[in-house]
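Let the sequences and hints guide you as you build the complete structure.
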Amino acid sequence: MKIYTKKGDSGTTQLIGGTRVAKSHRRIEAYGTIDELNSYVGLIRDQAICVNSNQSLIEIQDRLFTIGALLASDPDKKGMQLPNIQTKDIEKLEQEIDKMNEILPEMKSFILPGGHTTVSFCHIARCVCRRAERLSINLSDETLQKTLILQYLNRLSDYLFVLSRYLSKDLGAEEIPWQPKS
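Mapping of the sequence shown onto this note's numbering: residues 1 to 182, in sequence order.
To be clear, the hints were calculated from the coordinates, so they are not data collected in a lab.
Quick caveat, the model's predicted, so the values are computed rather than measured.
Where a beta carbon is used, it is the ideal one built from N, C-alpha and C, also for glycine.
Keep in mind that a hint or two might mislead.
What the hints assert, rightly or not - Pair by pair, the computed Cβ-Cβ distance ranges are: (1) ASP158 <-> GLN179: 21 to 27 Å; (2) MET80 <-> VAL51: 33 to 39 Å; (3) CYS127 <-> GLU174: 16 to 22 Å; (4) SER120 <-> LYS7: 23 to 29 Å; (5) GLU59 <-> GLN81: 19 to 25 Å; (6) LEU104 <-> GLN55: 18 to 24 Å; (7) SER39 <-> ASP158: 33 to 39 Å; (8) SER182 <-> GLN86: 46 to 52 Å.
Laid out in structure tokens, this is it:
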């Protein structure tokens with residue numbers, strides 16, 4: 001199978017279901033941002049992190065591929081067999097957040113992103129996740145599983161923030177609180 005088809009040379013691409021749309025279409029922007037997020041999650045996974053976090057990130061990457069497929073599908077084409085996001089996927093993120101939070105010090109202010117390269121990757125992924133969430137909100141109401149997609153992305157950004165704090169602790173990185181100047 002050739003990786004190039006030349007069909008996109010005119011600035012269009014094909015959704016799952018066969019419909020061609022402009023590569024600048026908001027649906028393409030949404031699932032393209034999910035792909036970008038998935039790449040940043042892979043970058044975090046490639047760092048020296050604990051096995052449990054690594055396994056969680058692999059599962060998250062799988063779920064992001066599922067969300068990408070759902071967003072890449074034509075909402076007018078019904079009856080397509082696609083993977084699904086489930087409530088248990090969101091609950092799994094919540095459980096992971098709660099486990100990490102149990103060992104973290106209470107947060108008393110906003111924290112400046114940074115302190116270690118791995119922590120910074122988490123913050124970048126969190127920001128890309130928020131953008132993916134905003135872009136997904138703009139899609140039509142017919143988007144398959146839109147509610148669960150939005151819930152998953154919202155929780156994933158929370159997970160990535162808590163993961164940044166967890167990895168800061170694990171890596172001995174300093175968390176610098178934001179102290180607004182008057």
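So, going through the hints one by one against the coordinates:
1. In this structure the hint that ASP158 and GLN179 lie 21 to 27 Å apart at CB holds, the actual value being about 23 Å.
2. Restraint check, MET80 to VAL51: a C-beta distance of roughly 36 Å satisfies the suggested window 33 to 39 Å.
3. The given range of 16 to 22 Å is respected by CYS127 and GLU174, whose C-beta atoms sit roughly 21 Å from each other.
4. A beta carbon spacing of about 38 Å between SER120 and LYS7 contradicts the range 23 to 29 Å that was offered as a hint.
5. For GLU59 and GLN81, the Cβ-Cβ distance of about 22 Å falls inside the hinted range of 19 to 25 Å, so the restraint holds.
6. Checked against the hint of 18 to 24 Å, the pair LEU104 and GLN55 passes, with Cβ atoms roughly 20 Å apart.
7. Distance hint for SER39 and ASP158: a CB-CB separation of about 20 Å, inconsistent with the stated range 33 to 39 Å.
8. For the pair SER182 and GLN86, the beta carbons lie near 48 Å from each other, so the given range of 46 to 52 Å is met.
Checked against the numbered hints above, the structure breaks hints 4, 7 and satisfies the rest.
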